[in-house]
Amino acid sequence: MNNHNHILHDHERDGIDRRGFLKCMAWAGTGVLWTVTGGVLASRTLAEIAKAGTSVHAATDLSFLQISDSHIGFSKDANKDVTETFKIALDRINAMPTPPSFLIHTGDITQLSKPEEFDTFDQLLKSCRTKDVFYVPGEHDVLNDGGKLYRERYLKSVEAKGSGWYSFNKNGVHFIGLVNVLNLQAGGLGQLGDEQLEWLQDDVKGLGADTPIVVFAHIPLWTVYPQWGWGTSDSERALGYLKRFGSVTVLNGHIHQVLQKVEGNVTFHTAMSTAFPQPAPGTAPSPGPLKVPAGKLRSMLGLTSVQYKQRKTALAVVDSNLS
Amino acid sequence: MMAFIQKNKKTILLTTLVILNLCVAALGDDAASAGNKRNTIEIRDFAFNPQTLTVKSGERITWINRDDEPHTVVSVGKKFQKSSALDTDQQFTITAGAPGTYEYFCSVHPKMTGTIVIEK
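From first to last, the protein sequence lines stand for chains A and B. Residues 1 to 323 in the numbering used here are what the first sequence spells out, letter by letter. Residues 1001 to 1120 in the numbering used here are what the second sequence spells out, letter by letter.
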């Protein structure tokens, strides 16, 4: 591993330099291990880990897996069989030597919020040997009923508030699931809203600053590309409440590609979809589903594994594709 | 049997003529009354085209989604009925009401906005 796994030049003030960007591009299709210590980003590709003979899971206290944007019901050219690619993702989870403690689904379970699409998803998920799943909704899950059906189905194991936000603790890590796809305003971005933000402020009030925090929500909680609505208008306020914590990991979906950013002690990460890729910011007329050659599709779909070791502030985030 | 078929043929012919007449009548009405004029807004590449549409009160406005992504049509301030999620090639039609300027957006992708101007 070379010694340049930190930002050398940040001309755009966006937390990434050219070298970093090129590395991200190289990693996106191959899987990568991220470790974050004191806000400094270090990384190894999965190939490097394999070469060194070390296991990602060694001495790990908690591992969980993020899946996102399964879009069950989508059948357009970008992927005519999203059920099949979702199955492949589940097969990958079932094949992991150490099964993850639980899954986090960061939204867009379905394409059109139809009961039968939710049914298909639930049926497919039965084959997954990891049974605990925590959800946040995507805008595709709340299309016609403001998320009623979603909440009835996917919040049974949590004490959800408002339109479906909640928190829970696992192995000393505090997890926060936020909803930023409802009551969106004309011309705006994703939105958390006052009620949820007040709850968040109260939720973290009693926690020690050394408590690792994992926040998950569908739309990115950092401004990825506002022209396409890829951001959350009031996320700054949410992050303000989390500023005092030594380790904050933010996991999002929505944009169907891996993007990373580090700001102080906060690491932002977006996951691949299991259904179809979307274009890189600004590289297409719109963020609609990206059609790629059939042989390339699986390399652009994937899932994200996260490990946490106690007594270390680092959470390791590993993306792997389905090819 | 043959007589029945012939009678049926006659019925079909008559029905066809009636429908054709109705069509002609409808076309005639179209020119005279604004009620049947079609104003189409195409949704393509996450945008409403045209972004601003001017119509006369009583005219119909139809949105049609040409994207591979669902979109909605929602009035800012709930001034007209909202659509359900429109999948590819699905349409939504309203009849223009009171004169005025109406802003609307896609509640799934709120960056998508449009304006309807209704004249007397």
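Incorrect hints may have been included.
Distance condition first, Cα-Cα at most 20 angstroms in a straight line; then the derived PhoX-like pairs of lysine-lysine [unchecked claim]:
#, chain 1, residue 1, chain 2, residue 2
1, A, LYS261, A, LYS80
2, B, LYS1082, A, LYS114
3, B, LYS1111, A, LYS148
4, B, LYS1111, B, LYS1082
5, A, LYS170, A, LYS148
6, A, LYS131, A, LYS170
Covered stretches of chain B, going by a simulated chain A footprint (3 or more residues, C-beta under 8 angstroms) [said to hold, decoys possible]:
#, region
7, 1054-1067
8, 1089-1096
9, 1107-1113
Simulated from the structure, these hints should not be mistaken for lab results. By construction, the Cβ of each residue, glycine as well, lies at the ideal position given by its N, Cα and C atoms.
Going down the list of hints, with the structure as the test:
1. Proposed proximity of LYS261/A and LYS80/A is contradicted: the alpha carbons are some 32 angstroms apart, above 20 angstroms.
2. Among the hinted pairs, LYS1082/B with LYS114/A is consistent with the structure: their alpha-carbon atoms are about 18 angstroms apart, no more than 20 angstroms.
3. As the CA atoms of LYS1111/B and LYS148/A are separated by approximately 24 angstroms, the hinted pair breaks the 20 angstroms bound.
4. Under the criterion of a C-alpha separation no larger than 20 angstroms, the hint pairing LYS1111/B with LYS1082/B is consistent with the structure, at around 17 angstroms.
5. Distance restraint check for LYS170/A and LYS148/A: the Cα-Cα separation of roughly 27 angstroms exceeds the 20 angstroms cut-off, and the hinted pair is therefore not satisfied.
6. For a cut-off of 20 angstroms, the pair hint linking LYS131/A to LYS170/A stands: about 15 angstroms separates their Cα positions.
7. Counting residues of the region 1054-1067 of chain B whose beta-carbon sits less than 8 angstroms from any beta-carbon of chain A gives 1, not enough to reach three: the coverage restraint is violated.
8. Look at the region 1089-1096 of chain B against chain A: 0 of its residues bring a Cβ nearer than 8 angstroms to a Cβ of that chain, fewer than three, so the hint is violated.
9. Counting residues of the region 1107-1113 of chain B whose CB falls under 8 angstroms from any CB of chain A gives 6; the rule of at least 3 is met.
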